[in-house]
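Read off the chains here:
Protein chains: 2
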Amino acid sequence: MVRVGVDEAVAEELLADMPAGAQVVRIPRRAEEGDVLDVDFWMVPFARKGAEATFRRLRGVKVVQSMMAGVDWITPWLPPEITLCDGRGIHDVSASEWVLSAILAVMKRLPVYRDLQHRQEWKGFATAPTELMAEPGLAAGLYRVLGEDLAGKTVLIVGYGSIGAAIESRLAPFGVNVLRVARQARENPEVHPGDALHGLLPQADVVVLIVPSTPQTRGLIGATELALMKRGALLVNAARGPVVVTDALVDALRRHHVRAALDVTDPEPLPLGHPLWTAPNCLITPHIGGSTPQFIHRAFRFGAEQVRRYIAGQPLENIVGPEGY
Amino acid sequence: MVRVGVDEAVAEELLADMPAGAQVVRIPRRAEEGDVLDVDFWMVPFARKGAEATFRRLRGVKVVQSMMAGVDWITPWLPPEITLCDGRGIHDVSASEWVLSAILAVMKRLPVYRDLQHRQEWKGFATAPTELMAEPGLAAGLYRVLGEDLAGKTVLIVGYGSIGAAIESRLAPFGVNVLRVARQARENPEVHPGDALHGLLPQADVVVLIVPSTPQTRGLIGATELALMKRGALLVNAARGPVVVTDALVDALRRHHVRAALDVTDPEPLPLGHPLWTAPNCLITPHIGGSTPQFIHRAFRFGAEQVRRYIAGQPLENIVGPEGY
Chain X
1 MVRVGVDEAV AEELLADMPA GAQVVRIPRR AEEGDVLDVD FWMVPFARKG
51 AEATFRRLRG VKVVQSMMAG VDWITPWLPP EITLCDGRGI HDVSASEWVL
101 SAILAVMKRL PVYRDLQHRQ EWKGFATAPT ELMAEPGLAA GLYRVLGEDL
151 AGKTVLIVGY GSIGAAIESR LAPFGVNVLR VARQARENPE VHPGDALHGL
201 LPQADVVVLI VPSTPQTRGL IGATELALMK RGALLVNAAR GPVVVTDALV
251 DALRRHHVRA ALDVTDPEPL PLGHPLWTAP NCLITPHIGG STPQFIHRAF
301 RFGAEQVRRY IAGQPLENIV GPEGY
Chain V
1 MVRVGVDEAV AEELLADMPA GAQVVRIPRR AEEGDVLDVD FWMVPFARKG
51 AEATFRRLRG VKVVQSMMAG VDWITPWLPP EITLCDGRGI HDVSASEWVL
101 SAILAVMKRL PVYRDLQHRQ EWKGFATAPT ELMAEPGLAA GLYRVLGEDL
151 AGKTVLIVGY GSIGAAIESR LAPFGVNVLR VARQARENPE VHPGDALHGL
201 LPQADVVVLI VPSTPQTRGL IGATELALMK RGALLVNAAR GPVVVTDALV
251 DALRRHHVRA ALDVTDPEPL PLGHPLWTAP NCLITPHIGG STPQFIHRAF
301 RFGAEQVRRY IAGQPLENIV GPEGY
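From first to last, the protein sequence lines stand for chains X and V. Numbered by my numbering, the letters in the first sequence go through residues 1 to 325 in order. Numbered by my numbering, the letters in the second sequence go through residues 1 to 325 in order.
Derived by calculation from the structure, the hints in this document are not laboratory data. Quick caveat: nothing in here was measured; it's all calculated off a predicted structure. The reader is advised that the hints may include incorrect statements.
Copies of the same chain look alike in the list, so a pair counts if it fits in one copy or across any two.
[Said to hold, decoys possible] 25 Å max Cα-Cα, derived DMTMM-like pairs, lysine to aspartate or glutamate:
#1 Lys-62 to Glu-81
#2 Lys-62 to Glu-8
#3 Lys-123 to Glu-8
#4 Lys-49 to Glu-168
#5 Lys-123 to Asp-149
#6 Lys-123 to Glu-225
#7 Lys-49 to Asp-72
#8 Lys-230 to Glu-121
#9 Lys-49 to Glu-225
#10 Lys-230 to Glu-317
#11 Lys-230 to Glu-13
Starting from the given sequences, assemble the full structure and let the hints guide the process.
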């Protein structure tokens, strides 16, 4: 019998796919001092806060399964002899959908129109009030309040992997030109190596960040990189907040050099009064990109499948290597 | 020499593709009483207001080219012996992009997050204030503030034609089930006839209206049809305002029976104080779906190509039949 540890609050229906031979161990959020639970296979809860403290109450853990694509919040405290699996793949649908929604919302000026809706002002044809028109680059001019086509644009995907490929497949029918960059160059499709980033940034109308969070990707997009972006280009951060240097982004937004759509920020949560909230041409969602009700089900189906592999003695998927991803 | 009438304000660059043998006649917006201009081929300006008055000042018109997919605003006053061509096809890109942006924005709750951004509140995980959570149907519950997947949903396209096919091709990689209905049934792909609408509405998570505006489509979606929609389903109107019975929609929205994304309304423009502005779960853009700077160029390239055909004695495209579309 393999003991599978899950948070006490996980709904019973999410565990319906657990294989025979698995015994679910509910982990209470509040524990008495000294309480210890025997668990072989631990499914880390989505809540990051307290995950380390919970781990310290578990005994005999051999496998840790994260539901997140990124595991940078687990590696610092997890002993290296324990197998860590990430959630690569299970976020593809919801994360790529968020990226497409963010790109299209900015192209069609949905945030501006939402604001106009609250004012109950029907203003489409270049008549919107100028304070809503803080828009840089090519989009300015006579037709600036209308939408903008995605067709014909160049989209650079930074950190091209499983989610990146899902983004590209959804972009394909829009008739865009896709450029790809990742840590390691690959062929079919052509993925440029990381050091090609500076050469690719000036070509892109949209830059999508989907890199894992590692020491190497921290501050990947700073003042230099923002300056290399086209005037009016859109930066989409679906990775992690610290991948972008916040002060440099606020500055580039205020100078109307770029636009941004952010699902992650640094700091996060973004506090009241932070200049990003009110920076021009910046759409912010509170780290919801990967998370949908359907995702939760997908995640636990994947977790159950991993438990089945573990019981059957088959190789696990998504094992995190020593490099952290 | 064929005299091509265009509005005085049309930028010179938009006329760059005019063929040899075409003589551009600039039509002033303000004319002295009794002024008459000789024009063979008239490109109707985008502004509907005053189009009929402008037409009365033109002499010898043989062809009228509209840049809009719908020509319901021209047919009532245009003598039947004049050839009328519509803008079918030139809107495919921008209109289908708007539809995708509207569907994805609602799935990912971007209007709610935009409102939270103005409050500078980072609230993603089921903690948003309840007054923003006026959301019906399956989406309600623990995860209601997060996004929702488009994947796996059923999308019904009502008025399946050129734009409908463009919408479907962009939906395809999202893994949705597409249903189609049009005036006349067709095969490959299967398009259901108009009288199948009532049977299809209860199956759809998203209903996209892209029908032409004709006497037959006026009030196509009323209280009966809205009641047939699934609770929480999304109605997307990218057609014309009067295709939907506004009072019935306001009522269905207020009862949280459906959600809506509207690029067109009835009345239009929507006046200050109209209940649609503040109806729950309703996103409104001011009839901008088809119009992007890139569209303007596409439209005039198409117009120039029509002029070329006319001069060469070739059949024109998009001739509007006696049925009005």
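Up to 25 Å CA-CA - Glu-8 versus Lys-62, copy category: Result: close within a single copy only, 20 Å intra versus 76 Å inter.
For Lys-49 and Glu-225, with the copy left unspecified, which applies at a CA distance of at most 25 Å: within, between, both, or neither? neither (32 Å within a copy, 47 Å between copies)
My question is about Lys-62 and Glu-81: at a cut-off of 25 Å on alpha-carbon distance, are they close within one copy, between copies, both, or neither? within (8 Å within a copy, 82 Å between copies)
Pop the pair Lys-123 and Asp-149 into one bin, within, between, both or neither, using alpha-carbon distances up to 25 Å. within (19 Å within a copy, 31 Å between copies)
Is the C-alpha distance from Lys-230 to Glu-121 at most 25 Å within one copy, between copies, in both cases, or in neither? neither (32 Å within a copy, 30 Å between copies)
As a check of your reading, is Lys-123 near Glu-8 (CA-CA no more than 25 Å) within one copy, between copies, both or neither? between (51 Å within a copy, 23 Å between copies)
Indicate which option fits the pair Lys-230, Glu-317 if close means a Cα-Cα distance not exceeding 25 Å: within, between, both or neither. For Lys-230 and Glu-317, the Cα distance exceeds 25 Å both inside one copy (39 Å) and across copies (38 Å).
Checking Lys-49 and Asp-72: alpha-carbon separation at most 25 Å within a copy, between copies, both or neither? Answer is within; shortest intra-copy Cα gap is 13 Å, inter-copy 59 Å.
Checking Lys-123 and Glu-225: alpha-carbon separation at most 25 Å within a copy, between copies, both or neither? Classified as neither: same-chain Cα gap 35 Å, cross-chain 30 Å, threshold 25 Å.
Since the copies are identical, ignore which copy is meant and state whether Lys-230 and Glu-13 lie within 25 Å (CA to CA) inside a copy, between copies, both or neither. Answer is between; shortest inter-copy Cα gap is 24 Å, intra-copy 48 Å.
Give the relationship of Lys-49 and Glu-168 under a CA distance limit of 25 Å: within one copy only, between copies only, both, or neither. Result: close neither inside a copy nor across copies, 33 Å intra and 42 Å inter.
Hints 4, 6, 8, 9 and 10 from the earlier list are contradicted by this structure; the remaining hints agree with it.
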